[in-house]
Amino acid sequence: MTELITTDRPTAQLAVSVNGLEKNYGDFQAVRGIDLSIASGETFGFLGPNGAGKSTTISMLCTLVTPSGGNAQVAGFDVVRQRAEVRRNIGLVFQDTTLDGYLTAERNLRLHAELYGIPRGMVNDRLRQVLDMVGLWDRKDSKVSTFSGGMKRRLEIARGLMHSPRVLFLDEPTVGLDPQTRSSIWSYIRELKQAEDITIFLTTHYMDEAEYCDRIAIMDQGKIIALDTPEALKASIGKDRVQIHTDDDAAAIAALADQFGITATVAEGAVTFGVERGEAFIPKLFAEFPLPIRSVNVARPTLDDVFMSYTGSTIRDAETTVAQRGRDAMTMFRGGRR
Amino acid sequence: MTSTEVRLPVAKVRVPVRTRAGELRAIKIVWQRELIRFSSDRLRMLTSLTQPFLFLFVLGSGLSRLTQASTGGLSLRTFLYPGILAMAVMFTAMFSAASIVWDREFGFLREMLVAPVRRSSIVIGKCLGGATVATFQGILVIAIGGLAGVPYNATIIFSVFGIQLLLAFTITTFGVMMAARVKQMQSFMALTQMLVMPLFFLSGAMFPVSHLPAWLTVLNRIDPLTYAVDPIRRVVFNHLDISPAVRTSLDPGVTWGGWHVPTLLEVAIVAIMGLIMLGVAIAEFSKTE
Ligand SMILES: Nc1ncnc2c1ncn2[C@@H]1O[C@H](COP(=O)(O)OP(=O)(O)O)[C@@H](O)[C@H]1O
Ligand SMILES: [Mg+2]
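Taken in order, these protein sequences are the chains called A and B.
Numbering (the numbering used here) for the first sequence: 844 to 1181.
Numbering (the numbering used here) for the second sequence: 28 to 316.
Don't read these hints as lab results, they were simulated from the structure.
Even glycine gets a Cβ: it sits at the ideal position worked out from N, Cα and C.
A couple of the hints might just be wrong.
Think about it this way: if two alpha-carbon atoms lie no more than 25 Å apart in a straight line, the pair counts; the simulated DSS-like pairs of lysine-lysine are [what the hints assert, rightly or not]:
| no. | chain 1 | residue 1 | chain 2 | residue 2 |
| --- | --- | --- | --- | --- |
| 1 | A | 1036 | A | 983 |
| 2 | A | 986 | B | 314 |
| 3 | B | 314 | B | 210 |
| 4 | B | 210 | A | 983 |
| 5 | A | 1066 | A | 1077 |
Ranges between beta-carbon positions, derived for each pair [stated by the list, open to error]:
| no. | chain 1 | residue 1 | chain 2 | residue 2 | range |
| --- | --- | --- | --- | --- | --- |
| 6 | A | 981 | B | 81 | 39 to 49 Å |
| 7 | B | 62 | A | 1071 | 46 to 56 Å |
| 8 | A | 1057 | B | 224 | 37 to 47 Å |
Work out the full structure, taking the sequences as your base and the hints as a guide.
As structure tokens, then:
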């Protein structure tokens, strides 16, 4: 009855493997055929604006949503045909909290242990271990409803780890948290990587966080538009990002094209373009540019630039258009989820 | 893998394959959670304590001034008692079922749905939990039976307990089945109001079910609650010291075209309804998007 699986762990196997995965909601294509392979032990990030299809992809990988097309294996098991096996091997932290606020932290974890059938003799030790890991052991008897957003998130991470999953999915683990809490969550995630033999699949729409990942996939409008290590992605741009504020953006864009042969766009309210060796370009720009420049900003390539070079807009701009799209969609599908 | 073992000897948790014991453990914890939630909700406890008194004594005593003659000397409270019991159980059970809608709104439902156990275990745990909470309510009403003129007698207590337990289960299952489809609390509450009140009023909880207008007779016989109220009333009336005439007028029993429906069949109807709805609820929750 209590036979444990210890030998179902194929070595050198992919933790996650995805082929042409799709999800349609009516006519709307939330995920449009993505391919991925994630090695065991990797920290893999999904980066993209709200509405890109990150949560939908995670839901399919976690067996909560049935794909409309393609297939996926998690920990070696098919997410449609072997749901139960997939579920035994994954830990999940959803974007929206899934704790029971009326129960204490400890009760929430014990409930999880029961649902996952963790052998009784191990529960106490494991409970202590995961709560220590996220620094909540001394708060174990408090009701979860009294916790701050950051504490709840930490508790959810602890809960997701209770059953030692092989793959831990974290959907926007730091969304809505203040910068200090965000960085503390990240230090927990990094510690966790050292303590446990685990693959982490996370999503974020914060560019800076994607840098913590071994590899990232940039997702936009249901498609993966780039996939590599953060360094390689940035190196692929090769250009620094320059933003200038002028009184007449249209004229400035025309002037840049005329005089320097540069294609610029308006992003985040400023004329934005990429050039190699930005610091050397600025003096030249000031000497030869026909229009007054109110301010200038030069930045090394970031993942945002990578995003921009593939999509033509920054992630923040993409968010606002998506938010608009979302509102339109809301009127169509009344209810649904947040 | 080995290095992990050295550093963290207790970390070697492996989730066992799905076993019957594992499913039972899941059912048990989902059931327990309902009880914990109920016992920590003081307001709900208080409501469940006061409501039966309100109905039995305020309604029972108030109305009895009007109806003294037609009850043949029997206190209206005694007559209403089975109906009040059914109602108390019904409201509590629906309220428990509503918790699944809250769970969905607050996200906790996902934690349960993604666990490596059958969805049926989650649904059964929920239904049993709701039924248990509703049964507390039922026990309370049984306990105050003396105040309504119902004698304390082992047969009454055990039969009434059994019937209300079954009713509690069936109603919770009904609520859980609806909660699979109705995803917002507001709509759920509205639907509950819309369905529960007619079910209650049509069931004969407040009146004897013979000599009714034809349309009301039909609706009464369709109402499943009828088949829970009637046996409770029969059990209670079996132990009352009243004349046969009064008995026949107040406890005529449910008939189908002149045929007296036996108590056992009535109870079976309630049980079968519950099982069918349980099946539907499980099927609904087993679907994925
Ligand atoms: N159940 C659903 N029904 C209809 N549309 C949905 C549903 N779930 C998600 N969507 C839509 O799919 C798109 C992708 O959503 P999501 O995966 O949540 O994006 P992300 O997590 O990247 O912000 C959004 O436009 C969203 O409105
Ligand atoms: Mg999301």
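Verification of the hints:
| no. | hint | in the structure |
| --- | --- | --- |
| 1 | 1036/A to 983/A | holds, 23 Å |
| 2 | 986/A to 314/B | violated, 32 Å |
| 3 | 314/B to 210/B | holds, 14 Å |
| 4 | 210/B to 983/A | violated, 31 Å |
| 5 | 1066/A to 1077/A | holds, 19 Å |
| 6 | 981/A to 81/B: 39 to 49 Å | holds, 45 Å |
| 7 | 62/B to 1071/A: 46 to 56 Å | holds, 52 Å |
| 8 | 1057/A to 224/B: 37 to 47 Å | violated, 60 Å |
Hint violations for this structure: numbers 2, 4 and 8, all remaining hints satisfied.
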